[in-house]
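Visitor: For reference, the chains in residue letters:
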Amino acid sequence: MVAWTDAERDAVSTLWDQIDVGELGPQALSRLLIVYPWTQRHFGTFGDLSTNAAILGNPRVAQHGKTVMAGLGSAVMNMDDIKKTYAPLSMMHSEKLHVDPDNFRTLGECISICVAAKFGPSVFTPGFQEAWSKFLAVVASALARQYY
Amino acid sequence: MVVWTEFERSTIQDIFSKINYDVVGPAALSRCLIVYPWTQRYFGGFGNLYNAAAIMENPKVAAHGRVVLKGLELAQKNMDSIKATFADLSKLHSEKLLVDPDNFKLLTDCLAIVVAAELGEDFTAEVHAVFQKFLAVVVASLRKQYY
Numbered sequence: 000m001v002a003w004t005d006a007e008r009d010a011v012s013t014l015w016d017q018i019d020v021g022e023l024g025p026q027a028l029s030r031l032l033i034v035y036p037w038t039q040r041h042f043g044t045f046g047d048l049s050t051n052a053a054i055l056g057n058p059r060v061a062q063h064g065k066t067v068m069a070g071l072g073s074a075v076m077n078m079d080d081i082k083k084t085y086a087p088l089s090m091m092h093s094e095k096l097h098v099d100p101d102n103f104r105t106l107g108e109c110i111s112i113c114v115a116a117k118f119g120p121s122v123f124t125p126g127f128q129e130a131w132s133k134f135l136a137v138v139a140s141a142l143a144r145q146y147y
Numbered sequence: 000m001v002v003w004t005e006f007e008r009s010t011i012q013d014i015f016s017k018i019n020y021d022v023v024g025p026a027a028l029s030r031c032l033i034v035y036p037w038t039q040r041y042f043g044g045f046g047n048l049y050n051a052a053a054i055m056e057n058p059k060v061a062a063h064g065r066v067v068l069k070g071l072e073l074a075q076k077n078m079d080s081i082k083a084t085f086a087d088l089s090k091l092h093s094e095k096l097l098v099d100p101d102n103f104k105l106l107t108d109c110l111a112i113v114v115a116a117e118l119g120e121d122f123t124a125e126v127h128a129v130f131q132k133f134l135a136v137v138v139a140s141l142r143k144q145y146y
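First to last, the sequence lines map onto chains S and V.
Counted from 1, the first sequence has number 20 at position 21 by numbering that gives the first Met the number 0; the numbering is strictly sequential.
Counted from 1, the second sequence has number 34 at position 35 by numbering that gives the first Met the number 0; the numbering is strictly sequential.
One or more of the hints may lead you astray.
[To be verified] Listed below are the simulated DSS-like cross-link pairs for lysine-lysine, each with C-alpha atoms no more than 30 Å apart in a straight line: (1) V:LYS17 / S:LYS117; (2) V:LYS143 / S:LYS117; (3) S:LYS133 / V:LYS76; (4) V:LYS95 / V:LYS143; (5) S:LYS82 / S:LYS133; (6) S:LYS117 / V:LYS95; (7) S:LYS65 / V:LYS95; (8) S:LYS117 / V:LYS132; (9) V:LYS59 / S:LYS133; (10) V:LYS104 / V:LYS59; (11) S:LYS82 / V:LYS104; (12) V:LYS132 / V:LYS69; (13) V:LYS69 / V:LYS82; (14) S:LYS117 / V:LYS104; (15) S:LYS65 / V:LYS104; (16) S:LYS65 / S:LYS133; (17) S:LYS95 / S:LYS83.
What the hints contain is simulated information worked out from the structure, not anything from laboratory work.
Small disclaimer: the values here were computed from a predicted structure and weren't measured.
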């Protein structure tokens with residue numbers, strides 16, 4: 000089981016309270032599709048992803064970004080049992096969506112970049128970054144769990 | 000050989016002209032040591048790395064952070080031959096310092112976060128993509144002499 004210090008719990012919930020999922024979610028997903036273009040393979044039905052502008056303006060990308068980001072909320076609410084909370088999502092990503100689990104880490108990186116750009120270094124301090132990265136690593140690991 | 004578009008060249012130049020080397024280098028290295036604590040193993044001679052506050056105030060960490068960023072500036076000034084420019088540095092990191100090359104990615108991830116935090120809105124998705132490409136080339140060049 001993951002051990003969280005009080006400081007880490009505090010950092011994650013403080014950041015989460017300030018995050019607007021409708022704003023950062025679309026940004027993070029668009030960045031994933033732009034910066035790591037092979038990830039577009041998972042979104043064949045999303046319409047026009049042919050240019051950066053197309054991706055940034057694509058309403059389905061925006062909607063899905065918001066969905067994914069909001070999904071982090073259940074991990075924030077259940078920090079002591081993220082593995083179990085995400086078991087059905089993990090099965091879906093492995094058996095139905097066939098997503099390479101490395102992509103969870105990459106999306107986590109994009110989320111962190113958006114958080115850093117939005118809040119700057121005085122809010123997203125090294126201590127907060129440590130807690131947030133650990134949190135995202137646990138989420139990625141929980142999502143990859145049902146693959147085997 | 001890596002192909003750079005005009006946009007990519009000017010974006011990298013722009014990033015390096017905007018960032019404060021005295022802030023970004025030390026911040027990136029400190030964050031690496033804090034967020035990925037196993038990386039502290041390479042800095043046994045640096046004194047107190049006991050907690051985040053100690054790391055952030057450690058003058059040897061700050062000095063070395065500046066050295067690392069200066070190294071990246073060298074890549075920025077030689078974008079068409081980063082592999083050749085970093086050949087000696089790569090040998091140093093593999094044969095003398097014995098650094099696991101996976102750590103280069105961790106440090107560049109921290110660097111991307113610090114630059115994103117510095118530039119805020121200006122760190123658009125396009126700028127982010129160019130910076131990641133630059134960092135990927137740097138990391139690949141540092142890994143090159145390991146074999």
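Visitor: For every hint, state whether the structure bears it out.
Guide: Here is how each hint holds up against the structure:
1. Straight-line distance between C-alpha atoms of LYS17 of chain V and LYS117 of chain S comes to about 18 Å, which keeps the hinted pair within the 30 Å bound.
2. The straight-line distance between the Cα atoms of LYS143 of chain V and LYS117 of chain S is roughly 35 Å, outside the 30 Å bound, and the hint therefore fails.
3. With a CA separation close to 35 Å, the supplied pair LYS133 of chain S and LYS76 of chain V exceeds the 30 Å bound.
4. For the proposed pair LYS95 of chain V and LYS143 of chain V, the alpha carbon gap of about 15 Å is at most 30 Å, so the pair holds.
5. At roughly 14 Å between alpha-carbon atoms, LYS82 of chain S and LYS133 of chain S fall within 30 Å of each other, so this suggested pair holds.
6. Restraint check for LYS117 of chain S and LYS95 of chain V: the C-alpha separation of about 40 Å exceeds 30 Å, so the hint is violated.
7. About 47 Å separates the Cα atoms of LYS65 of chain S and LYS95 of chain V, which puts this hinted pair outside 30 Å; it is violated.
8. Between LYS117 of chain S and LYS132 of chain V the CA atoms are separated by roughly 22 Å; this keeps the pair inside 30 Å, and the hint holds.
9. As the CA atoms of LYS59 of chain V and LYS133 of chain S are separated by approximately 26 Å, the hinted pair is consistent with the 30 Å bound.
10. Only pairs whose Cα atoms come within 30 Å are accepted, and LYS104 of chain V paired with LYS59 of chain V is accepted, the gap being roughly 22 Å.
11. Among the hinted pairs, LYS82 of chain S with LYS104 of chain V is consistent with the structure: their alpha-carbon atoms are about 26 Å apart, no more than 30 Å.
12. Between LYS132 of chain V and LYS69 of chain V the CA atoms are separated by roughly 18 Å; this keeps the pair inside 30 Å, and the hint holds.
13. The hinted pair formed by LYS69 of chain V and LYS82 of chain V meets the criterion: a straight-line CA distance of about 16 Å does not exceed 30 Å.
14. Restraint check for LYS117 of chain S and LYS104 of chain V: the C-alpha separation of about 23 Å stays at or below 30 Å, so the hint holds.
15. Pair hint LYS65 of chain S plus LYS104 of chain V holds up; C-alpha atoms about 28 Å apart against a cutoff of 30 Å.
16. For the hint linking LYS65 of chain S to LYS133 of chain S, the alpha-carbon distance of about 22 Å falls within 30 Å, and the restraint holds.
17. Only pairs whose Cα atoms come within 30 Å are accepted, and LYS95 of chain S paired with LYS83 of chain S is accepted, the gap being roughly 19 Å.
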